[in-house]
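The primary structure of each chain is shown beneath.
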Amino acid sequence: MESKNKIREFIIRTFLFGSKDARLADSDSFLETGIIDSTGMLELVSFIESEFGIEVGDTELIPENLDSIERLAAFIERKKVASAS
Amino acid sequence: MEFTKDILAIDAEKVAGQITDFIRDQVKNYFRRKGIVIGLSGGIDSAVSAALSVRALGSERVHSLLLPERESNPVSREYGLLCAKSLGVACEEVDITKILESHGVYAKRDEIVKKYFPGLASGYKFRIALPQDLLERDRLNVYHLEVLAADGSVLTARLAHDDFLGILATSNIKQRTRMIRLFYEAERRQYAVCGTTNLSEALQGFIVKYGDGGVDMEPIENLYKNQVYQLARYLGVPKEIIERTPSPDTYSYVASDQDVYFCLPYDTVDLILYAMEHGVPKEKVAKVLGLGMEQLERAWRDMAHKHEATEHFRTMPPSPAIGS
Chain W
197 MESKNKIREF IIRTFLFGSK DARLADSDSF LETGIIDSTG MLELVSFIES EFGIEVGDTE
257 LIPENLDSIE RLAAFIERKK VASAS
Chain E
-4 MEFTKDILAI DAEKVAGQIT DFIRDQVKNY FRRKGIVIGL SGGIDSAVSA ALSVRALGSE
56 RVHSLLLPER ESNPVSREYG LLCAKSLGVA CEEVDITKIL ESHGVYAKRD EIVKKYFPGL
116 ASGYKFRIAL PQDLLERDRL NVYHLEVLAA DGSVLTARLA HDDFLGILAT SNIKQRTRMI
176 RLFYEAERRQ YAVCGTTNLS EALQGFIVKY GDGGVDMEPI ENLYKNQVYQ LARYLGVPKE
236 IIERTPSPDT YSYVASDQDV YFCLPYDTVD LILYAMEHGV PKEKVAKVLG LGMEQLERAW
296 RDMAHKHEAT EHFRTMPPSP AIGS
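Chains as they are written, first to last, in the numbering used here: chain W, 197 to 281; chain E, -4 to 319.
No lab work stands behind these hints: they were computed from the structure.
It is possible that some hints are incorrect.
As the list claims (entries may be wrong) - Taking lysine-lysine and the DSSO-like style, the derived pairs with C-alpha atoms no more than 30 Å apart in a straight line are:
#1 W:200 with E:301
#2 E:301 with E:277
#3 E:204 with W:202
#4 E:23 with W:275
Stated by the list, open to error - Not the full set, but computed from the structure, chain E residues with beta-carbon under 10 Å of chain W:
#5 126
#6 127
#7 137
#8 149
#9 153
#10 296
Stated by the list, open to error - Restraint-style ranges between C-beta atoms, simulated for each label pair:
#11 E:132 with W:228: 13 to 21 Å
#12 E:89 with W:260: 48 to 56 Å
#13 E:304 with W:198: 28 to 36 Å
#14 W:223 with E:299: 14 to 22 Å
#15 E:-2 with W:223: 32 to 40 Å
#16 W:236 with E:289: 20 to 28 Å
#17 W:278 with E:148: 25 to 33 Å
#18 W:278 with E:112: 25 to 33 Å
#19 E:182 with W:256: 45 to 53 Å
#20 E:148 with W:273: 33 to 41 Å
Don't be surprised by glycine CBs; every beta carbon is placed ideally from N, CA and C.
Please construct the entire structure, taking both the sequences and the accompanying hints into account.
Spelled out as structure tokens, the structure:
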């Protein structure tokens, strides 16, 4: 839950001009809704790497891992589990 | 009309005539100028645009420019000269390296590259490129820095957001500097600047705003790349230019348009763009192109995103409606 909140806060602050009215469901695709383009994805990757202390490999740069709040949160969780084991 | 691989076939003689009439009319009646200035890149688009301009106005009213900089491919100059000679047009060469140096283009770029490869010796070549496996897997368009070191080794690194933007912004100064020079040469002659953008580039936003996109007219902007090739053959563009792999020639390490932007061959890009513009069902497109539905969906999605993201390239700067 905490991951999702941090991601949401970052996206609203960075891509939606901090709009308090922004409606962003956990499952909304960033790319399909036009909130983030592929350049923006790089910014998002930099954020999660620094915020959550994970390293995102080239092969992990796929929509399945990064293209919604819930996908990102699940990906971060998987990365944390993998690094802990 | 049935969607087939030949859907983009044109009557080259007829199209050449239409564009020639357009250029003559625009220069004479709309711009009220005396001729055309055109930059020759050594590529097919500028060669075709120049050939059409000569047909429209005569070679004495077409002034061509070669605008190389220190990272340009020498072939661009060679083929640019070949094009000018074959058309019998005046050709002036202006090296823009010093102007680019004054903007810090090379220094700022070197600074970024050396962040990734700190011990890199001078004399390296570099480019930015996208992964070329667009059809094979779902992935994002994330640019990599690719460096050809002086010892022949190739180094790659994924670019961080700020560094990608930094490289893009410095590189775009090259095209914008060329635009400034073209307009200088045009204005002092009372000529118009002829653009060389084709429809495939325009629809996908593969242009630099106010760079190569900053021109007076775009005679081939309604032709897909495939159709530009058809016109080139009809117009007798030198074989070397027709056979050259399309490249933006922006980076010192040679890269094709496909490497840098499209991730697909032009033939595929053109047919998908046509299908998008004309509402051809995806199933039909996949069948004609010999692609699986999943592959076509990936290409379609990627191209649709590029089109949307660059919509502002194709329109005038927006302004607010003011009511009384």
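Quick rundown of the hints versus the structure:
Of the supplied pair hints, the one linking residue 200 of chain W and residue 301 of chain E holds, its CA atoms being roughly 28 Å apart against a limit of 30 Å. Pair hint residue 301 of chain E plus residue 277 of chain E holds up; C-alpha atoms about 18 Å apart against a cutoff of 30 Å. For the proposed pair residue 204 of chain E and residue 202 of chain W, the alpha carbon gap of about 35 Å is over 30 Å, so the pair is violated. Between the alpha carbons of residue 23 of chain E and residue 275 of chain W the distance comes to roughly 65 Å, so the proposed pair goes past 30 Å and is violated.
Restraint check, residue 126 of chain E versus chain W: the minimum CB separation of about 8 Å is within 10 Å; hint holds. Hint status for residue 127 of chain E: violated, given a least beta-carbon distance of 13 Å to chain W, over 10 Å. With a least beta-carbon distance of about 5 Å to chain W, the hint placing residue 137 of chain E at the interface is held under the 10 Å criterion. Taking 10 Å as the C-beta contact cut-off toward chain W, the hint placing residue 149 of chain E at the interface is violated, the least distance being around 15 Å.
Hint on residue 153 of chain E holds. Least Cβ distance to chain W is approximately 6 Å, under the 10 Å limit. With its C-beta approaching chain W no nearer than about 8 Å, residue 296 of chain E sits inside the 10 Å limit, and its interface hint holds. Distance hint check: the CB atoms of residue 132 of chain E and residue 228 of chain W are about 18 Å apart, consistent with the given range 13 to 21 Å. For residue 89 of chain E and residue 260 of chain W, the Cβ-Cβ distance of about 49 Å falls inside the hinted range of 48 to 56 Å, so the restraint holds.
The given range of 28 to 36 Å is respected by residue 304 of chain E and residue 198 of chain W, whose C-beta atoms sit roughly 32 Å from each other. In this structure, residue 223 of chain W and residue 299 of chain E meet the distance hint of 14 to 22 Å, their C-beta atoms being roughly 21 Å apart. As the Cβ distance of residue -2 of chain E to residue 223 of chain W is approximately 35 Å, the hint placing it in 32 to 40 Å holds. At about 25 Å, the beta-carbon gap between residue 236 of chain W and residue 289 of chain E stays in the expected band of 20 to 28 Å.
Here the CB-CB span from residue 278 of chain W to residue 148 of chain E is close to 31 Å, well matched to the stated 25 to 33 Å. As the Cβ distance of residue 278 of chain W to residue 112 of chain E is approximately 29 Å, the hint placing it in 25 to 33 Å holds. Between residue 182 of chain E and residue 256 of chain W, the C-beta spacing of about 52 Å keeps the proposed range 45 to 53 Å intact. Against the hinted window of 33 to 41 Å, the Cβ-Cβ separation of residue 148 of chain E and residue 273 of chain W comes to about 38 Å, which satisfies the hint.
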